Amino acid sequence: MTPKAIDVVIAGGGVVGHATAWELARRDVEVLIVDRHLPGRATSASAGGLWPVGEAVGLGCGVIYQAARTGSDSGDAVPATLPVVFRDFLVESNRRFPALAEELKDLTGVDIELDSGPGLLFLMQTARQQSVVDNIVRGLPDGFVLEVLSPEEVAELEPAVSTDIVGGALLPGEDQLNPMMLTEAYKRAALASGARLQHDRLVDEILREDDRVVGVRLGEETISCGHVVNAAGAWAGQLAATAGISLPVEPVRGQVVLTQALPPVLASCLSTSSCYLAQKRHGEILIGSTTEHVGFDTGVTEDGIRQLCRGAVRAIPSLADVGVKRTWAGLRPGTPDEMPVLGPVAGVQGYANVTGGFRTGIVAAPLMARVTAQTIVGETPDVVIEPYLAERFAG
Amino acid sequence: MSSNPQATGRAAAETPRLVVVGAGPAGMATAITLAERGLSVTVVDQNPHPGGQIYRFPAVTPKTPQTPERGAMLRQHLAEHSERITVLPEHNLVDIHPGPRLSLCGPDGFRIVEADHLVLAPGAYEYVPPFPGWTLPGVITPGAAQQLVKSQGVAPGRRVLLAGTGPFLLVVALALHEVGVQVAGIIDTLRRRDAFWQLPSLLADGKLLKQGFDYVAGVSKAGIPLMTGHIVTRAEGHGRLEQVVVAPCDGDWVPDHNRSRPVVVDTLCVGYGFVPRVDLAQLAGCELAPTNLPGGWIPVTDPWGQTSVPGVWTAGDGAGVAGAIVAELAGQLVGLGVASSCGAIESSEAERSAEPIRERLHQLGRFRRGLDELGWPRPGLSQLADESTVVCRCEEIRRDEIDAAISAGSTTLRSLKVATRLGMGPCQGRMCQPACSRRLIDLGCNTLEEIGPPAFRPPLVPLTLGQLAGNDEESEDLELVENTPHAGPAP
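Chains as they are written, first to last, in the numbering used here: chain A, 1 to 395; chain B, 1001 to 1491.
Honestly, the hints are just simulated from the structure, not real lab data. There's no promise every hint is true.
With the Cβ distance kept under 10 Å, some of the chain A side facing chain B (calculated, not the full set) [unchecked claim]:
id	residue
1	Pro39
2	Ile305
3	Val383
Residues from chain A shown here face chain B by an in silico Cβ test under 8 Å; the list is partial [to be verified]:
id	residue
4	Arg36
5	Arg87
6	Gln260
7	Leu262
8	Pro263
Here the structure is a predicted model, which means the values were calculated and not measured. Here a beta-carbon is modelled for each residue, glycine too, at the ideal position from N, C-alpha and C.
Next comes chain A alone, as it looks inside the complex (with noise of 0.2 Å):
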């Protein structure tokens, strides 16, 4: 057997694997990504959302989380916050995203849809999130900007909004882009700087030998390794435990709908406490997405499709005519603290992880990926790596 053909295996090709991988061939590193693209995969029922601000005040979708979590009507739901070492990561993250977009084009060819537009606006519906709005912007720090607008403002930024709201609250410079391509471009990006794809194929174990990695067990074939990064998204807790690692990641189901090819109805991304709603670069709006903890299940239900299409058409009025084109469900890797899951691991060498990008996912994974192969390389990361490890949630 050929000794350490591979010096990294990576689990799992969703955007953060194929991030990973990118990070670590351009630093020489000889890589193999294994992914087969199980039914489920966040990445593909995405908005694709870059919403740092918007998700660490709650006003992403982490109001229609909470709105689910606590049960309450859905106009009383309050937006839970990310720690602000976590909101400054996201920030720090999507500050990257132009630069990133340039570079990944003259590199594959391939345009991860970038798309600039007032940025993410939250449709205030009752006296109650007024009043949550007003607490927000009172603790936001310097340099943070959220506009409250008038109903008024709203109707002149977007005319399709209801005008059955109290108010908007607009973090401008929150966009989208679109995650499968950014995906793509990762994946391009990847194997154009060597590193190799092993399609269609699942690591169904991580082999340890006392306290090291050594490889990995694809079916009946092993590979040996020096490194196994655990990308595996939701899935990343099943595979941890094979090498008897503890990883308390787990599925969050979120279903989606997806409405036909529209003129352009909307210029930012809308949030409200029962959905968001993106307009793509093809016209299609994404509507998203509920948050369940329903295991692996990734069917759409008749109440969680009806839940969203009933927000979208109290957001927007006119989509009610509007054709569904398709309607699925992502599965988010979930953690306690709603935060990923990175780097290697005490006790285990060999061992990383990158998963656990729940909600934040896209906008996270220019990062997470980054943070990780510098670990794995040796480099002084960009960001303190600190927060994100996995024994956070010893104990």
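Given the structure of chain A, go ahead and fit chain B onto it with the hints provided.
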């Protein structure tokens, strides 16, 4: 019927809830078999009248050709059992949830139907791989032409050329001729000597073989030129079809472009056999298996037609294209299987009744294999498209864009979809993905197993957000109250 699924709590002795989707020959035969065994069944069909595509209910216009006698007879049987068979016409299946539990959309809106046994008989659709000019107005399928003539009494054009492969071209040519359409000719890729080698299998069913000869004789009598060993290489015209280019082809269906010539027509009906509709089976969670026939995938079933999902059965062309006669027999077989599963008949009785059906199916199977050998798409077919040919009509993706994505490493349908938007349109890849699978195989990228079946998503029919949001827009509760009407089982 309660909206809460109670299936698990139901005693076996209770009336089983039986649902058949599709009222073509397979679906009708299943329902009739079940009714004959004393069971009640609901038949869901998208058309206003039972019959499916092959036995489509004729338009009132007297000039249109008569529907085959067999179809009229099945419809009559269905009507005779009306106290046991409830037909829901003009109902489209939107989604299948576990249970199985069906979301249907009909003229009165949504309804949910729960089933203890669900029989899928969705039929097939025509296989048309891309070739230059195939998106021009005036290029349609033989089935579309047949439908226009049969149910609307409308001629698809003044001067029509039929092209592709298989006996269906002859059937449609005759139907068009009868309503006064000028049929310029039939272009079949098969060469007469190919058919000769399949004679031993084709002789397995003398009656069907004779029927085939009758069609050929009918075409000849009607003065319709039948050109074998030829293929349509392109359709041309400004804004709409003006002429079709035809060339002789070899056994691999590779055309000899040097000997090509134009045929002036305003309509081209082109089809290379049929693709089983597996979208329903896929949504129901049924395991699919690869085949080398168009489309490439069919549901895995046991000898009774039950799929890998207990309680979900399939029959007819949707389970593997074999034509109306086989579909009807397969429907009877599934009916017996379901009846036996419900305890309406003893399994020994089911076996006894199945025996003659299976014998006949075996005999027809040999004939069918002969036809399949003749008709399965040859490599030349997927080489017709040139670089600028639009392959995915919905998203207007060209052949060169697809080839570029393939050489960049997208060697499965899913990765091609991500890279190019192929199949992301309203047809969900029904049109382009069978041809793209074939192209990937021809290029040696992957085997069919590795490429995998196309992934279908609900809704299977176009619906609006308003329809999916439901009527009760006042209610904003997260805990939504079921507000759709429920179809109970047939009483």
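Results of checking the hints against the structure:
1. Taking 10 Å as the C-beta cut-off, the interface hint given for A:Pro39 holds, the closest approach to chain B being about 7 Å.
2. This hint holds: A:Ile305 has a C-beta 6 Å from the nearest C-beta of chain B, less than the 10 Å allowed.
3. Hint on A:Val383 is violated. Least Cβ distance to chain B is approximately 29 Å, over the 10 Å limit.
4. Checking A:Arg36 against chain B: minimum C-beta separation of about 10 Å lies over 8 Å; hint violated.
5. The closest approach between the C-beta of A:Arg87 and any C-beta of chain B is roughly 27 Å, which is over the 8 Å cut-off, so the hint fails.
6. A distance limit of 8 Å between C-beta atoms decides the matter here; for A:Gln260 the minimum to chain B is near 7 Å, and the interface restraint holds.
7. At a threshold of 8 Å, the smallest CB-CB gap from A:Leu262 to chain B is about 11 Å, leaving the interface hint violated.
8. At a threshold of 8 Å, the smallest CB-CB gap from A:Pro263 to chain B is about 16 Å, leaving the interface hint violated.
Violated hints, listed in ascending order, are 3, 4, 5, 7, 8; each of the other numbered hints is respected by the structure.
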